[in-house]
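There are 6 protein chains.
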Amino acid sequence: MTITAINARNQFKGRVVEIIRGPVLSEVDVETAAGIVTSVVTTRSIDTLNLEVGTEVLTVFKATEVLLARF
Amino acid sequence: MTITAINARNQFKGRVVEIIRGPVLSEVDVETAAGIVTSVVTTRSIDTLNLEVGTEVLTVFKATEVLLARF
Amino acid sequence: MTITAINARNQFKGRVVEIIRGPVLSEVDVETAAGIVTSVVTTRSIDTLNLEVGTEVLTVFKATEVLLARF
Amino acid sequence: MTITAINARNQFKGRVVEIIRGPVLSEVDVETAAGIVTSVVTTRSIDTLNLEVGTEVLTVFKATEVLLARF
Amino acid sequence: MTITAINARNQFKGRVVEIIRGPVLSEVDVETAAGIVTSVVTTRSIDTLNLEVGTEVLTVFKATEVLLARF
Amino acid sequence: MTITAINARNQFKGRVVEIIRGPVLSEVDVETAAGIVTSVVTTRSIDTLNLEVGTEVLTVFKATEVLLARF
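Residue numbers (this note's numbering), protein chains in the order written: chain S, 1 to 71; chain L, 1 to 71; chain B, 1 to 71; chain C, 1 to 71; chain D, 1 to 71; chain A, 1 to 71.
Simulated from the structure, these hints should not be mistaken for lab results.
This structure is a prediction, so every number in the text was calculated from the model and none was measured.
Heads up, the beta-carbon is just placed ideally off N, CA and C, and yes, glycines get one too.
Zero decoy hints are in this set.
Cβ-Cβ distance ranges computed for the label pairs, FRET-style: (1) 1/B to 19/A: 39 to 47 Å; (2) 48/D to 19/C: 30 to 38 Å; (3) 55/A to 36/S: 20 to 28 Å; (4) 71/L to 1/C: 42 to 50 Å; (5) 2/L to 1/D: 43 to 51 Å; (6) 2/L to 52/D: 31 to 39 Å; (7) 70/L to 35/S: 20 to 28 Å; (8) 19/C to 54/S: 26 to 34 Å; (9) 33/A to 48/D: 27 to 35 Å.
In silico DSS-like pairs for lysine-lysine, Cα to Cα no more than 25 Å straight-line: (10) 13/B to 13/C; (11) 13/A to 13/D; (12) 13/S to 13/L.
The whole structure should be built from the sequences, with the hints applied where relevant.
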């Protein structure tokens with residue numbers, strides 16, 4: 001099914017630069033304009049989405065998941 | 001207390017460009033190198049952190065919160 | 001941008017049956033085959049997605065967000 | 001301790017149909033009225049809850065974790 | 001429905017000491033042995049669970065939601 | 001970069017008492033005044049933060065991640 005829009009306000013395009021596969025979950029590192037965004041997804045999803053190094057992806061996260069820190 | 005390091009792999013610097021205050025939660029929009037990152041935090045935190053438009057902040061989110069989509 | 005696939009393993013179709021708008025966040029109740037799925041999203045997203053009662057939507061959530069309980 | 005009610009608005013009953021064990025986290029697939037709900041929990045929890053294929057469980061997730069997409 | 005066990009490894013008992021009601025979400029502050037745990041839940045849940053100042057509750061959160069920081 | 005304050009309202013100090021390493025994610029158990037708080041973080045973070053049994057850490061989680069249950 002094709003999705004035309006998703007509510008998450010945070011969506012950044014990038015390219016997969018590394019995948020670390022685990023038995024259940026895998027880490028996917030995505031190079032974006034802001035730097036590397038790291039995602040942990042089920043290993044099954046890696047295969048379902050057919051992700052590999054070089055794949056263009058959209059990283060998506062909800063606003064409620066973002067913390068703010070002062071430095 | 002000063003924090004010297006936090007485990008979240010996703011940390012992006014930016015500047016607050018808008019705050020929408022609600023009675024319990026508020027939306028904070030932060031301009032980063034990748035574009036606007038939107039965060040929803042408790043309104044109390046806005047005051048505790050003394051956030052206002054122009055404040056430099058770090059946006060932080062865990063790798064487990066990031067979804068990946070193909071387009 | 002059109003998304004062709006998203007990694008979240010939990011995706012259920014439904015129809016919006018109620019929207020409770022708040023200043024920052026809104027509650028959207030979606031009738032699915034399993035019953036009502038409740039989502040809280042930014043009020044801005046309601047407008048961006050042009051959601052109203054009757055709209056068909058996909059509810060999406062990550063596997064890491066699901067708790068299991070015995071009863 | 002017996003819990004009489006939990007605040008999460010999303011609670012769906014089902015039956016465990018598959019468990020993929022990892023060293024730290026495991027995937028549990030639960031068949032519900034809406035289809036398979038996938039959960040990732042600590043492997044320790046699998047043992048503490050004594051989960052196995054066939055166990056009846058309640059899948060629980062917070063409304064703030066649900067994204068909405070149009071298709 | 002009575003729940004006999006839930007998988008979340010983090011469960012701390014406490015007593016509600018403050019409720020800040022919003023139109024959609026409300027903040028509930030719970031005094032525990034470790035100090036105040038703050039929870040944000042839907043306002044509907046406040047009513048469904050019949051929460052008020054003084055109510056004994058269990059605060060529950062998944063291990064995947066916890067960040068670690070050095071100081 | 002040193003962080004002077006973070007918005008998450010839930011921050012509890014403790015000492016690492018156990019680490020279970022996985023290929024992608026690891027479990028870190030932290031003894032706090034309220035009991036053990038369990039965190040799951042990327043294994044890379046364990047190394048970046050140089051965490052080991054005995055390390056003093058701050059456990060941090062957002063108010064939106066906390067569920068409330070009655071018992």
